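Listed here are the chains, written in short residue letters.
There are 2 protein chains.
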Amino acid sequence: MSQSKNTRIVLASRPKGAVTAENFRIEQATIPSPGVGEVLLKILFLSLDPYMRGRMDDAKSYAAPVEVGHVMEGGTIAEVIASNNPDYAVGDIVLAHSGWQSHAISDGKGLTKLDPKIAPVSTALGVLGMPGLTAYTGLLTVGRPQPGETVVVAAASGPVGSAVGQIARIKGARAVGIAGGAEKCAFIRDELGFDAAVDHRAPDFPEQLQRACPDGVDVYFENVGGAVWDAVFPLLNTFARVPVCGLISQYDGSGPSDSDRLPRLMRSILVKSLTIRGFIYREFADQRPAFLLAMSEWLRTGQVKYREDIVEGLANAPEAFMGLLKGRNFGKLVVRVA
Amino acid sequence: MSQSKNTRIVLASRPKGAVTAENFRIEQATIPSPGVGEVLLKILFLSLDPYMRGRMDDAKSYAAPVEVGHVMEGGTIAEVIASNNPDYAVGDIVLAHSGWQSHAISDGKGLTKLDPKIAPVSTALGVLGMPGLTAYTGLLTVGRPQPGETVVVAAASGPVGSAVGQIARIKGARAVGIAGGAEKCAFIRDELGFDAAVDHRAPDFPEQLQRACPDGVDVYFENVGGAVWDAVFPLLNTFARVPVCGLISQYDGSGPSDSDRLPRLMRSILVKSLTIRGFIYREFADQRPAFLLAMSEWLRTGQVKYREDIVEGLANAPEAFMGLLKGRNFGKLVVRVA
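Protein chains in written order, with my numbering: chain A, -10 to 327; chain B, -10 to 327.
With the rest of the complex left out, here is chain A (with noise of 0.2 Å):
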């Protein structure tokens, strides 16, 4: 693909439901030229993370969301080809939220330089970067796992739940990860080292998990919501903790039961003592350069593996989302864009 020009994806308009291609379209325009204290930036891996469905609506949510007609948001790694900026020499390879695009001009704010020699660069939109944040500050500071507890995690192949699921064993507690059809059950048990794995497409799925959990539930990271959530809900034990950080079955709305759900949780929630408590990595943003000492360490000595699932291509970035949005994916996404 000739790179004379800047590609970019943006919101075409607000998916009905759910996401549908007609919610993108791809443009072509001329790369920009930086100004005085920019840079231009040409990506070369762009993140697909759940959260980004919630930034297609208009609702209100802790993010405003893309306006239609812009380019759709997301976290990327870039090298910078041009620079007017003294902090930045070109050749540097930095952590950007650039978007969905090939290109892009900063003016240095937000960027973070990244060392290759380290880990390879698309690790800062995984396991070293906003999932793996994510995993390791909510189950540790929300979640607080003690030894011998028993910790769920869904989307368990993903970079959030496995991370969460290997940081849980780390810990002294008992890991089981639920994930869709057995290679990704296989991957989390035989790979990961999880404790257990279920596969919430079992028509017994329920049944299966509390047998993988016989002591009940002490931590449920919830990152998916909907039919797992109604599963692991009856499991949780007394003092459960339920840090949550996303509700992917729900992002396309779906997700109401036929009957009204909420007495029955503030009921287990009063005689249970369960804390649920809603989080983004970015409240715990303080605690980002012990999380990379402690994950680096981890990666170092094999405690924590990784998974990626890359998608080559920006023109596919649209396709591998909605498949994302649908659990397709297996590892961390992230697209190649040159």
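There may be inaccurate statements among the hints.
The list makes no distinction among identical chains, and a pair is therefore deemed to hold if it is satisfied within one copy or across any two copies.
[What the hints assert, rightly or not] Cross-link-like lysine-lysine pairs, in silico, DSS-like; alpha carbons within 27 Å at most: (1) K98 <-> K49; (2) K(-6) <-> K31; (3) K294 <-> K315; (4) K49 <-> K261; (5) K(-6) <-> K106; (6) K102 <-> K261; (7) K160 <-> K(-6); (8) K261 <-> K315; (9) K98 <-> K31; (10) K5 <-> K261; (11) K5 <-> K49; (12) K31 <-> K261; (13) K(-6) <-> K5.
No lab work stands behind these hints: they were computed from the structure. Keep in mind that this is a model prediction, so the values were computed, not measured.
Once you have looked at the hints, place chain B on chain A.
What follows is chain B alone, placed relative to chain A:
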């Protein structure tokens, strides 16, 4: 009433929905004699509290249900009228948990001696007892109000709610109380010093509550659920904390809405980083000495006021309890047994 017999009220049957008079039966029995190491108690006051509704069902909860045919459970203030226990003398006044009856035997375990010179002994069932400790620990440990924040509490003329609002103000927060009817609202605003009072029976209650909370709600001390929850929920601010100590509106089986409110709740927990945390005062029993010290001082200085609603005669306990579940009491509901 002759006290040559032990008068007791037993659970005659489990309620189907709302509690009715038929669920109780009054019985006369011989006053038991204390054995070795035991004392005989004459009950002076019986506490009536919402949690007792839960004990009438056989649903799993944090405490075992009362068995059908057994004496209803409850906290009491009692006088030792015979003693074979060297730790207790005839005439001692104690806090006990001897249930809905006029006399009881105790081996001394779980009794707490009270000094009638410090405060009226009935306060050990209210502002200086379980309801006060529930308010103190739930608000300060779970709710953690900061100066200038808005704290909302329902059943605000009751023993828990009235303490929550007054402690919130002592800590520099703004206290908004919800109560049923003009008289209770005037009491919490004019007598207890709440910053605002809102009548949940008003047809435009949600709008009135919103106007009373122009900066949103940072702490919602949940003890009622139902329509009050629905009105408070949209007002919760980012990082709001919701200690849950009761759900009186749904104890009698009402509560579900026509639609499933769970997905909306979970989404708000996520995007507002909410904390919802159930608790029972027993979890914080180690804070009792600090609570007694602080609350005694606040009572002495007049920073905390309390109101009791005293019903005469054990035979009237069932009707008073049914009134409690409908919000008909005004202040801490206590039965004068002798």
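Checklist entry - Of the hints given before, which are not true for this structure? => result 5, 6, 7, 12, 13
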